[in-house]
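There are 2 protein chains.
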Amino acid sequence: MKLLCSKNDLLKGINIVSKAVPSKTTMTILECIYIDASTEQIKFTTNDNQLGIETIISGDIIEKGIVALNAKLFGDIIRKLPDSEIALETDENYSTNIICGQSKFTIQGQSGNDFPILPFIEKKEFIEISEFTLKEAIRQTIFSIADNDTNHLMTGELFKITDNELKIVAIDGHRASIRNILLNNNYGNQSYIIPGKSLNEISKILSGEDEKQVKIYFSDNQVIFEFDTTVVVTRLIEGEYFNIAQMISNSYETKVEINRKELLECIDRSILFVNESGKKPIIVNIKDDELQIKINSTIGSMDEKINMEKSGKDILIGLNAKFIMDALRVIDDEKVSLYFINSKSPCFIKDDEEKYIYMVLPINIIV
Amino acid sequence: MKLLCSKNDLLKGINIVSKAVPSKTTMTILECIYIDASTEQIKFTTNDNQLGIETIISGDIIEKGIVALNAKLFGDIIRKLPDSEIALETDENYSTNIICGQSKFTIQGQSGNDFPILPFIEKKEFIEISEFTLKEAIRQTIFSIADNDTNHLMTGELFKITDNELKIVAIDGHRASIRNILLNNNYGNQSYIIPGKSLNEISKILSGEDEKQVKIYFSDNQVIFEFDTTVVVTRLIEGEYFNIAQMISNSYETKVEINRKELLECIDRSILFVNESGKKPIIVNIKDDELQIKINSTIGSMDEKINMEKSGKDILIGLNAKFIMDALRVIDDEKVSLYFINSKSPCFIKDDEEKYIYMVLPINIIV
Chain X
7 MKLLCSKNDL LKGINIVSKA VPSKTTMTIL ECIYIDASTE QIKFTTNDNQ
57 LGIETIISGD IIEKGIVALN AKLFGDIIRK LPDSEIALET DENYSTNIIC
107 GQSKFTIQGQ SGNDFPILPF IEKKEFIEIS EFTLKEAIRQ TIFSIADNDT
157 NHLMTGELFK ITDNELKIVA IDGHRASIRN ILLNNNYGNQ SYIIPGKSLN
207 EISKILSGED EKQVKIYFSD NQVIFEFDTT VVVTRLIEGE YFNIAQMISN
257 SYETKVEINR KELLECIDRS ILFVNESGKK PIIVNIKDDE LQIKINSTIG
307 SMDEKINMEK SGKDILIGLN AKFIMDALRV IDDEKVSLYF INSKSPCFIK
357 DDEEKYIYMV LPINIIV
Chain W
7 MKLLCSKNDL LKGINIVSKA VPSKTTMTIL ECIYIDASTE QIKFTTNDNQ
57 LGIETIISGD IIEKGIVALN AKLFGDIIRK LPDSEIALET DENYSTNIIC
107 GQSKFTIQGQ SGNDFPILPF IEKKEFIEIS EFTLKEAIRQ TIFSIADNDT
157 NHLMTGELFK ITDNELKIVA IDGHRASIRN ILLNNNYGNQ SYIIPGKSLN
207 EISKILSGED EKQVKIYFSD NQVIFEFDTT VVVTRLIEGE YFNIAQMISN
257 SYETKVEINR KELLECIDRS ILFVNESGKK PIIVNIKDDE LQIKINSTIG
307 SMDEKINMEK SGKDILIGLN AKFIMDALRV IDDEKVSLYF INSKSPCFIK
357 DDEEKYIYMV LPINIIV
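Sequence order for the protein chains is X and W.
Here this note's numbering runs 6 ahead of the position in the first sequence, where the first position is 1.
Here this note's numbering runs 6 ahead of the position in the second sequence, where the first position is 1.
What the hints contain is simulated information worked out from the structure, not anything from laboratory work.
Errors might be hidden in some of the hints.
Treat identical chains as interchangeable: a pair holds within one or across any two.
[Claimed, not checked] Within a straight-line C-alpha distance of at most 30 Å, the following computed BS3-like cross-link-like pairs (lysine-lysine) qualify:
#1 K316 to K8
#2 K78 to K286
#3 K350 to K311
#4 K141 to K78
#5 K130 to K361
#6 K293 to K49
Please take these sequences and the hints and turn them into a complete structure.
As structure tokens, this is what we get:
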């Protein structure tokens, strides 16, 4: 095999496919980028057996061939080379020369015969969404998936399509994050649970440009994200997701409108007194036109008031500071609305059109 | 005690004195900033028993007093407060309120009776140097002090004054880094060994401005750095430093003039094949008008050539890649000169006026 590529094109490809290289594995072949230049295209593939990524890179194929190169070493070498044309040459023993100007590297490649190339999936049902919208929606929900595996469903995000609406939901047992997205077409009723880890990696690859589209193809146990010259395949999580409608309540006893940044900064200060387990609540006292946040710990205490507009009853409630901050951080609005029923019921942060809904369960406080 | 200060002034003071707060200690008082507003000034002091820092901050003293506050907690609180005026109020039990706008923190302070305030040192002999020059000279040498304590002298830097010249030297047994600085006055002959750890912290505090001066006072076992409104006191290392003159040779068999950046980037690429112990040498082959760098390891090999100008003999020598890079990184010149005697003798990187001299011992290679 012999290829000529620019450093930038190589590096772009390496950065994309590296997201599916497992950090720990006993199978050295999974640590490799599978470089397939056996046809008219240069295709990089990686696969950690849950997530697989393929991307086509620009370059000239002088001699066709296939080789699998250790992703980290190959990436490190390309990264350190000057911004210029790079030649990749592999001999019959897969010894690979990487040549750039007067610099020559030699590393040992593998045939790639045992590389798990991506499964063929028949592309039928799909939805289309902009890279920007998908990247944002993942960022705005992914923090509330469960980070351990006690409930496998909670490690994924629900993608629920109803006609022209896509609902993305993440739940960790203490809170829920929901984004509702309007699609350009009607896609009927479908719902899938996608592993959070895969979505995290996909969101890193997405350019975030509004004018570029992602096609999402679903099959029974896999989902394909297709964008630019890249294809990402991930397994689906099997099972019946939680009943969202049942969790969400539209009735409330107290509604608060408050400056998002002021509230976020105030809660951020309170974090200093939250213990590491995060179980110590902040005490939120909503009274008249002030929202007061208090916290007491062995190392000290905080007490702060913020002006707000309230409709409905006064309320005193204990909340997890980090959960509220996570939601406030990903909301773009200058003002946010908080809804409460009573001190034993969840708090909702949502906009009027319900483009976003954040639900946080209260923590019992002794008053 | 009651003080009124701007967030910026408080934070500036906290950032300066935090450099002498030990990360690990069993004495909780050493984790504190000692705030002394018992006179007309607000003085912050910290002391880890090797390094002590005092700084005067701006602010209004409404009520005089003294309190010791946990440095980390106090710093975290001030950092998170809005950019505005902050009141510090301590009651007779050293319970301290930190008030900013509608935000009130309460933390428990200490009397500070057991705080090790800095020793009084009679200020006699001193030298004067700009903040910029001192900060730079530390940065350009400190990497070659020894990082373990097997030879205590090597954990410090020699400050050797001869008339109007200050020589700063760091040696770790495999290399030496020397900077020669011209002073504005004659200060006779003196030499001191200053702990590298202290110099590291001092260089972080120095503003690096050329027009600001540092006064360095020496006593038998302490040295004081005085600049801006800050005083830093550190113990000296006792003992007789190595004979530098004996290590430096001005004769050579090979002189190479080469582009610094090209050489640095080339060696940086070779680092990929150096094992973690760093003991694997790069092989430098200086022949005709090319400098060739080669390295071979179990994971691959590199071979690169750079154009250069040579006078004297060809030479093949094994060198520690990291040591050469450390020196090249802190040299500002576009071209550097390398001097060699033979493959068993040290390599020198120095400028014509010997403002800087970097010496690196060779590593034996089997040819």
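Checklist entry - Any hints this thing doesn't respect? Which numbers, in order? => result 1, 6
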